[in-house]
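Knowing the structure of chain A, use the given hints to seat chain B on it.
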Amino acid sequence: MRRLRNWAPGLLLVSPSIILVGIFVYGLIGQNIATSLAQTKDRITGRVTNPGGLANYTNLLTDDRYQHALWNLLVLTVVFMTGTMLFGLLWAVLLERGVTGEGVFRSIYLFPMAISFVAAGVAWRWLLSPAQGVDQAVGLNQLFLKLGMPWLQSKWWSDSGSFNMAAMAIPAIWQLSGYIMALFLAGFRGISDDQREAARVDGASEWQLYRYVLFPQVSPVALSALIILGHMSMKMFDLIYSIAGANSYTAEVPATFMWIQLFPQSNPTGAAANATIILAIVAVVVVPYLIYTNRTEKAGR
Amino acid sequence: MATATLEAAPAVRRKRFVTPMKTVQFVLLVLFASAVLIPLYVVLVTSFKGGADVSPANAWDLPHIFSTDGWASAITRLAPALGRSLILAVSAAVLSSILGSLNGYVFAKWKFPGADVVFTAFLFGMFIPYQAVMIPLQKMLLDLQTHGAPWLDGIPKLILVHTVYGIPICTLIFRNYYATAVPNEILEAARVDGAGMLRTYWSIVLPVSMPGFVVTLIWQFTSAWNDFLFALFLSSSRNGPVTYALQELAGGQNPDYPSIMAGVLVASLPTLIVYIALGRYFISGLMSGSVK
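Line by line, the protein sequences are chains A and B. So the first sequence is residues 1 to 301, counted in my numbering. So the second sequence is residues 1 to 292, counted in my numbering.
Isolated chain A, as found in the complex:
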């Protein structure tokens, strides 16, 4: 009884949040899964057009348009994650060594993070205009012409090739590299100077210092960064919507295709199945990560 009196008030205080999160996160996810398995009927005749169940998923997965969107997502994710990690790490290494005006560089690299994807997208829509040639080019293509580097011109994401989404990753890399830099920088700053000194005394070269002393210690940061970027990439919507418009097939990923399914195609069942798959992909990575951090935290106590 005494123990109950100890913890009951705490539970009571958190209960509004438990109820809200319970409904808005878990309840709605459940309902979305239920929708994704629903049977569909013809609106007028009432005839069953689709028996529902897992068939909804196989229908979606075998749909050419969905497969195209999945491929786009794969290209986007690989280029976006690689680019952002590379720039983030590079900037962090350049800055952690100490340099004049460090604070200024840090602020510049990080500022895109404060801007909405929509605002950035509006600017990048113009920068990534596909038109080329002296009379037509705008945006980056025109800049390349002016700088005397016409071979750099590209149709960017509007290109009909399979890897056009690599261009869509550019604005995303622009927005998030600073974030990853900040994470790595904090990681490097958390390593005591004694370790560097010790390594140098032992005759380690700069490269060896990073390779064997510093990088291993920021690897947990790298893991967090990968998880954050990965889940952002899976749900990336605002930026693509803003750059390519609401209805672009070329730049379509599952997250934007879901909007098409729901509104222009009025197919909530398919949209729900699509959304459930996005969730499943994220959950497969995030849940083990959360359990792992929970464990390591407990072990560290």
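Please keep in mind that the hints were generated in silico from the structure rather than gathered at the bench. On a predicted model such as this, the values are computed, not experimentally measured, just so you know. Please note that a few of the clues may not be correct.
Label-pair distances were calculated between CB atoms; the ranges are [as the list claims (entries may be wrong)]:
id, chain 1, residue 1, chain 2, residue 2, range
1, B, T76, A, Q39, 43 to 51 Å
2, B, H64, A, G190, 18 to 26 Å
3, B, L206, A, N6, 18 to 26 Å
4, A, I44, B, D143, 44 to 52 Å
5, B, L31, A, P16, 38 to 46 Å
6, B, D143, A, T250, 18 to 26 Å
7, A, Y212, B, G194, 55 to 63 Å
8, A, E297, B, N254, 51 to 59 Å
9, B, N254, A, S158, 14 to 22 Å
10, B, P113, A, P16, 51 to 59 Å
11, A, E297, B, I204, 39 to 47 Å
12, A, L223, B, T76, 24 to 32 Å
13, A, Q39, B, S34, 26 to 34 Å
Quick reminder that beta carbons are idealized off the backbone N, C-alpha and C, glycines included.
Chain B only, in chain A's frame:
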């Protein structure tokens, strides 16, 4: 909580390499910084151009005729939505910060059986792609709105949604903050003196909570201000926030570039100001997004 960990390392090891290495490092940093600033340059330059000046041919030049027409038109068109965004972002930030503070206090100091499991379940809410709740969410809120809560239409709906989905991150930030900022001994002393949970919160925990609140308020303000997904699904051009209005402004048939680019800046200014003025706290918020 990873506050201020980005601050420069002690100067000891800095003086060492005034070498070519150092120069290369600096040149690289300048090059990257210029590349990052390119979009900002174009947006800024275009926003101050007048009618005839906007031709694509001289888009990269400074304005020949300096004009603020673009800004005037952008401000006029975005003003109502700016007001709505301000109400939305401030309310959502305050509400989820309060809930986050209470939750964080309990998860850090008043654990109930199963608290860790509940906390992990909260954290998962931070990572979910909102697409996975959007369809039933839209329906549930529309039902609420048509059955007894017509006032929910527009911004109140978005306030509710941002508050709820902001609970996980705010809880995490406060839990981590309280775990280190409030020593157990003080709480124990308060308990011995007969103070209950709420009394302890009010007189001991809340007064030292300011740093936590600054971080969650900034974080929530920024994410509510910058959100577009919820705005698109749950509001309309009539009652939506500024991201919605900007999208409409930019999506016209005959794009008025000075006005669009001025719109980009107008819509980003509040978060940019917050970032410039309170950058250190902004960064702490970013850090806490990485769970640790």
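Hint check, failures only: 2, 4, 5, 6, 10, 11, 12, 13
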